[in-house]
Each structure stands twice: as C-alpha cells, then as structure tokens.
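Line by line, the protein sequences give chains H and Y.
Taking this note's numbering, the leading residue of the first sequence gets 1, the next gets one more, and so forth.
Taking this note's numbering, the leading residue of the second sequence gets 1, the next gets one more, and so forth.
Derived by calculation from the structure, the hints in this document are not laboratory data.
By construction, the Cβ of each residue, glycine as well, lies at the ideal position given by its N, Cα and C atoms.
Possibly wrong hints are sitting among the right ones.
To give an idea of the chain Y side of the interface with chain H (calculated C-beta under 8 Å), a few residues [what the hints assert, rightly or not]:
| hint | residue |
| --- | --- |
| 1 | Leu-47 |
| 2 | Val-49 |
| 3 | Val-125 |
| 4 | Leu-151 |
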Amino acid sequence: MKINMPITNNEVVMKPNTILVTRTDLKGIITFANDAFVEISGFTREELVGSSHNIVRHPEMPAAAFEDMWRTLKQNRPWQGMVKNRTKTGDYYWVNANAMPLFENNAVKGYLSVRLTPSRAEIDAANQLYRKINAKEATLHPTGLAAVHKRLAEISLGKKMAISASLLLLPNALLFRELVTTENYPLIGTFALTTLLAFWIMSSAIRTTRNFFSSAVHELYRLSVNEFSPPLNLTRNDQFGDLFRGIYVAGVKLGDDIAQGKQENSNSLRIIQGLKYAECSILITNANSEIIFVNQAAEQLFLRAQQNIQTIIPDFSVQKLLGSPISIFHNIPALQKTELENLQHSKTSQFDLAGHTMQLAVKPVFEKDGERIGYVAEWLDRTIEVKVELEIEHLVSAIKEGDLSKRIDLSDKNGFMKSLSVNINDLTDVIENVFNDINHIIGKLAEGDLTNSIHSEYQGVYAQCKDNMNDAILKISEFILQIREAADFVNTSSQEMASGNNNLSNRVEQQAASLEETAASMQELSSTVISNAENTKNATVVVKSAAQLAEKGGEVVKSAISAMQAINESSNRIAEIIGVIDEIAFQTNLLALNASVEAARAGEQGRGFSVVATEVRNLAQRSATAAKQSNELIQNSVQEVRSGTAFVNETGAALMEIVDSIIHVGTIVGHITAASNEQSAGINQVNQAVSQMDDITQQNAALAEQAAAGSMAMSEQSAKMTHLLNFFKVNGKSSAVYSAKATLATSKPAANKQSVAKSKVVANANFEDWEEF
Amino acid sequence: MSEKNENENEIDALEDENSAKKSSDTSTIIQYLSFVLGKEEYGVDILRVQEIRSWEPVSRVPNVPFYEKGVVNLRGAIVPIIDLRERFSLSKPEYTPLTVVVVLQTGSGSHTRIMGVVVDSVSDVISIERTDIQSAPDFGTKVSNEFINGLVSVNERMVMLLDVDKLLLLETLEQNDY
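Please build the complete structure, drawing on both the sequences and the hints.
What follows is the structure, given as structure tokens:
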C-alpha cells in the first residue's frame, strides 16, 4: 500500500455545494478530474490524469475501507463512505465519497467517484471510527451478534416469506389433525380450501413483488447509463405504481439535465471555436494561473517571437505553452502573481519582450458568485507598427526639410503595413516628381528655354499645377512669338516706311511741278469759258428764230388738214352719185331681162326686140361695171385722203414738239451761259487754291524727308528688339529662323554688321516666302 | 375681169344667139333663164317666167313654212313668195336692193299658178340645144333630183335645169298637207 508522506495537520475544508468528480479506469488510473478536484488536491491536472487514484490517499485512512470499497465495486455495487484525502502539500480534507461502476453496453467500463461536502458530525464520527479501526478496536463491518442480525435482516424476500408461511402453516397443520380426529368433514373441507387459497394469493403476491423489484432495478441501472426508456406501468394504483412514477420522474428530470448540459456544452463550444480562430491573440488561464487556452493567432504571435523570447526565457516553447503557468513570463510585471490577484478590471500595458513591442490587456474572469476563476490575456505584437511609425516619422520630417529622396523600406513588411508604406512611398514619389518637373521647367525658363513642358500624368491639385505651369509657359511662348512677329513686322514696316517716305518726297516735288502746270492750264480754261459764254448768247438768238419758223409750219399744217377734209366730203358725194348710177344700171338690167322674157314669149315676132333687150342688158351691165370701178377708185381716194390727213396731223404734232424742244433748248442755252459765268468765277477760285496747294506741297516735301529719317531710326530700334527676343527659345512656326539668327549673332559677335546684314537678307527672304504664302 | 374680156364675152354671146337663131327653125332650141343660188347656177324655162322683179318687202302670212316669205300684190294678183335658197337649204338668205324675185307660172291648162321665187341674182338668158341636155345623176346636187330635168354645160359652167311644174306642184302638195 502506497503511503504518501509527509502529512500536516492543516485541514482544507471543502466549500459547501462543491462536487468533486473523478473517473478512473478499471485499474484505478485517473482519466478525468474536474476543476474543483484539481484545485483542492493541489496537484496539476497533468499530474493527476494518468496517475493511480491513490495519489491522493491519506495514510490515516484504514486499508480496510478501501478493500471494502473495491470489494463492493467488483460486485457492481455502489459504495458510500467518508474518506480522508491528502493534498499535494500534505494537508488533508474530508469528503463524503460515492463510488460506483460505470456501465457501457452492460459491461463495466470504469468507475465514477462523486464527492460531496460532509457535515462536521459525519467527519467526527468517521474520524473516531477510522481511529478505532486503525487501533484494531473496531471493524468496518459488524461482527458477532451484529453480523448475525444483519445477515438475518438481509435474507431475501422469498426466503422470508417461505419461513413465515411455514411458521403459519404449523398451527394450521395441528388444527387440521384435530379436525380429522373429530371427523368434522365440512369444516375440514372449508379449512383446507381457505388455506390453499391463502397460499396461492401469498405466492402470487411474492412472485409479483419479485418481478416488480427486478424490473425496477433493471430500469434504475439503465438510468445510470443514460438509457431512459419510459414503458413502465405508471397507472398502477398501489405502492408499486408510486415507485414506478418516482423512477419515471427521476428519469425525465435526468434527461432534462442532460439536454441542458448538452445545450450549455455546445454554447461554450461555439464560443471556444470563435475564440480559437479570432484575429486577436488570446490566452486564458484558470484560477491557478495555468494557461488553459491559446488561440491560433496567439500561437502564431508567439511562434514569430519564439526565438527572441528564448534568449530571455530559455525553456519557452509554443508547444509547451498550454498548461504552463502564466508565471513563465517572469519578466512581465503585469503577469506577476500579486499583480494578477489584485486585478479587478481590464488593464492594458505595453512593454518590450525580447525586442518585440507587446501590448497586453489582462482581465480577470469571475464566477457568478464573484469567485475568481481565471484570467483572459489579449496580446498584440506592435513591433512592426512601432517600427513603421518611426520610419514614417523620419520620412515626414525629411519631407518637411525638403529632402524628398527618402523612402520606407518595404522588405520587412507585409499586409496593412506594407500597403501603408507603399502608399506613403507613392505619395512621396508624386511630390518629388511634381517638384522635379516644376524645378526643371522653371530652371529652363530662367535660361530662356520655353520649349519644355510637363508631360507626366497627375491628378487633382498637381494636375492643376501642371496645367497652369504648362499654360503659363505656353502663354509666355505665345507672347514672345507675337512680340517677335510684331517686332519683325515693325522692322520691315519701318523700312517700308522709309522707302515710302522717300517716294513720297519725290512725288510731292512732282506734284509741285504739276500744280504749276495746272495753274497755267486754268488760265487757258478761263479764256475758253469766256468765249463759250459769248457763243451761247449767239445760240440763244438762233434758237428763237428757229422757234418762230416752226410755229409758222404748224399753221400751214392746220390749213392742209382742212383742205383734206373738204376733199373727203367731195369724195363721199361722188360715191353716193355712183351708187345711184349703179342702182339705175341694176334696174335697167332687170328691165332688159323682162324684155328678153317678153321677147321669148312673143316668139318669132319678139326676136328683134330680144336683140335690143340683150343690147340694153349689155349696156346696163357695162354701166354697172363702170359704176363699180368708179366706186372702188373713189373709195381708194377717200382712203388715201384719210391717211394723208393722219400724216398731216402727225406732222402738226411733230412741229409742236419741235417748237417746245426749241424753247427748251433756248432755256438750256441760257443756263449754259449762266454756268459759264459761274465757271469763270470758280476757275479763279481754283487758281487761288492751286497756289495754296503749291505752298502746302512744299511743306509736305520737307515733312516727308523728316518722316523718312524717323522710320530709319525705328527700323534700327526694332532690329535691336528682335535681337533681345532671340534670348528666348520657343516652340513655334518661325522659331527655326530666329534660332538661326540667334546662333549667327552669338557665334560671330565680331562680324556683327555682316550678320545683321545677313539676317536682314534672311528676313527679306522670309517675307518673300510670306508673300508666296 | 377687164372690159376687153367682157366685150369678147358679149361678142361670143351674140354669136351664140346668132347660131340659136339659125337653128331655131329646127325648134330644138330651148331658152332658159339662168340664176344663181349660192355658188351653183340654175336654169328655168324662160316661157315659165312671167316677170323678174327686184326684192320688195312682203306681207307676212301666218302659219306657213319658214321658206315661204309671204305674199305680194302683183298688179292686182296676190303672189306667194318663197325663198329657193331656204327651200333648198343652200345659204343664209340676205335681202339687199340687188336681191331678185323671179315670178314663175305653170301653164297646165286653165289652172295656172303664179309664184315668186327669191334668188341671189339673175345671170343670163341662155339658148340650149335639146340634145345638149344631159340627164341628172343620182347625186351631186343640193336640189333633189325630182326638181331637175337635166344638166347642161354652158361656157364650161354647169347649169341645173329646174322643172318649174314639179317645183310648183310640190309646193301645192305641201300646202295641201297643211
């Protein structure tokens, strides 16, 4: 028998309502111990699980007690008794122990021990009993009379019945013999019948009771392995029914407890799984500050820092972390025992752990009744964060000082830190590019080179800056180009003006000579106009006589018209007369015909008369023909006279028009006379004006010479301006020419005049090109 | 036509008449009075002609055919006047001082009738050999064949010879119809 030493006299008292549970296999090796048992025993769970159960045996416990227990258990019976156990440190505690076999498939698989908190009286009684047993003054089981009494009391129900029946039968048999001797047969028959009936009822009651008990026992064992089956006879009204109902209620309650337990178990399983895969690193300890949970994130965190931590804590290992006491981090003040025990609320601290900057939040976990049952520690490795913060700080301060060449090292970063660093580097790149571009452009601008522009792609205010810069360069280029063009234009214009002014001067002289000639011509013109006026006076006289003649002609025409009318009237009379002649001829003809008719009727006697009638008819016909011809002639002459009258009328109208025209000519000639007089006065004025123009022309000639000199000076100034403008280099249509001029001017400063002359030639050639444009 | 030509025509006419006189003994020569209706020339037996008159306004008679112009008083005798131009549907009649009325008579025994016919103009008195008369064809004239005795060519002019009796009889019949 194992004797665990040492022992002390310190008693650890079980808290009320605490249940200590262990399970062992058939050989007494511990397979499970609940937290309460681990706590009170003083051992760690690792020390307990896998060890023989006698690791907690107290040496003062009598061996007989355990022998009794094992004997009972082997009979598949539960055992109950007071047990004194020993803690790791040697202290002791009393428990009210209940041990029973665990069934699985109707076979014993192991043993379950459930220990309840004993009362003080029970402890004292047990203490006395065990002391006596150890002193051989008592035994665990009763001996002598007490043992006989117990054995008698535990005789099975059937045997007891049999004994009682036989005891009852003995006086009956005596009575029966007495009745036989008296030969009272009816009574004998009745007696025998009732006795047999009593036996039959009794034996059936006993049989029923036994069956009932065996099935109740069976049911109870089934309950013990969680195999609850309800088909019990619950409707029975006797005591058996009550028992069945009791069993049934206990079974249902047990099922409910199991379901609740399962529910809570799955709840906590969910939470544990959630924690397991949570992003933040979490350690959980029990009340003894032993690490009982490490989630994946925490494992990875410590795995990363493992090598560094091992320099400080040599036996640190992630694999061994589970189950280790939290005090393994002996250099972390927040995890020290006193610190933890005083902890009431969550507390966050930051410290350096072997080169890793850790942030740690520790929180105690309390039971409902306020009992402290463990700690939750949340770890955060801020090493890279802190490093990146530092790097960004350096970079920003460098940028503040104008150093844009620095960047954040990306090689040791990943995830969010890497993308943050890349973004900051990109930002710096953009700023650097923008400033480089602007620097470059402004530098070139200072050198007079306007051919550059920013081509890089930017966004937002950088794009605005870039666009504005490009626009500014473009605008300046355009201005310079325009100024150049203007200067060039001024140059050529001033030259043209100079030559123009020379021409002007020459022309003004010519104009003066022309003016003198004009003056002479005006004199001649004046004399011509005077003679013209006299001629018009003569013309007036002639016109007046012509008008008188024309009026006379009109009167002649009027008399001619009246004569014509007289002729017309005469002709009409003649025509009438001829008509009369014609009628006479017609009547004569008719008469002659009638005569012919009469002659024919007269026959042979009328023959001579017929000849005469024929002659008369011929004459009548001839006179009719003559009359017809005369009529035609007269009609013709009437027609002629009519047209003659029309002609004469027209002549009269024409003569009247001639008279009017002649009068009109007369007035016109009068106007011409007046105009000639005015002309002569005008010509005098013109003469005066011409002499004034002569004076002015002389002054103009002098001014033109001055203007020529001025334009020459302007030409020289504009050439200088063009030369100055060549300092700027721009993109543009005529930049090539200007750059050529610029190189000529700079490369040959000695032959300055020559180059100027050449450039003029070039400029002229250029203008010829323009003309061809 | 010139005067000279007319004179020649007259001479021809005289010669014709002379030849007619010469052959009158044979009594085969018939004299016809020719007149003009429209463009055609017609002839009637001169013995049927009573008188040739110039047109005078007529007294209108009510309820007679449109070509019967009315009646005139000819020296006490009431003579009906018809317009042949309208009767033969030849031309629109015009009445001028030169319009002529030929007064015709039928000589059928004691029962004689007198009637004036209006023509455009009277042309001539022509003498025709009976043998020169040709029978009328079935068509070609505007006057129905029943009025025409025959056709004769005089100086290359075609003259239709009208049968005065038939003409006047027809008028009577038609009048009777009324």
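Exercise. Should the interface hint for Y:Leu-47 be scored as holding, given a Cβ-Cβ cut-off of 8 Å against chain H?
Worked result: With Cβ-Cβ at 6 Å, under 8 Å, it holds.
Next on the checklist: Quick check on Y:Leu-151 please, does its C-beta sit within 8 Å of some C-beta on chain H?
Outcome noted: Nearest chain H Cβ about 22 Å off; hint violated.
**Item:** Interface hint compliance - Y:Val-49 to chain H, C-beta minimum distance less than 8 Å
**Value:** holds (5 Å)
Inset, instruction - Using Cβ atoms only, decide whether Y:Val-125 comes closer than 8 Å to chain H, and label the hint accordingly. - result: Nearest chain H Cβ about 5 Å off; hint holds.
Hint compliance for this structure: hint 4 is the single one not met.
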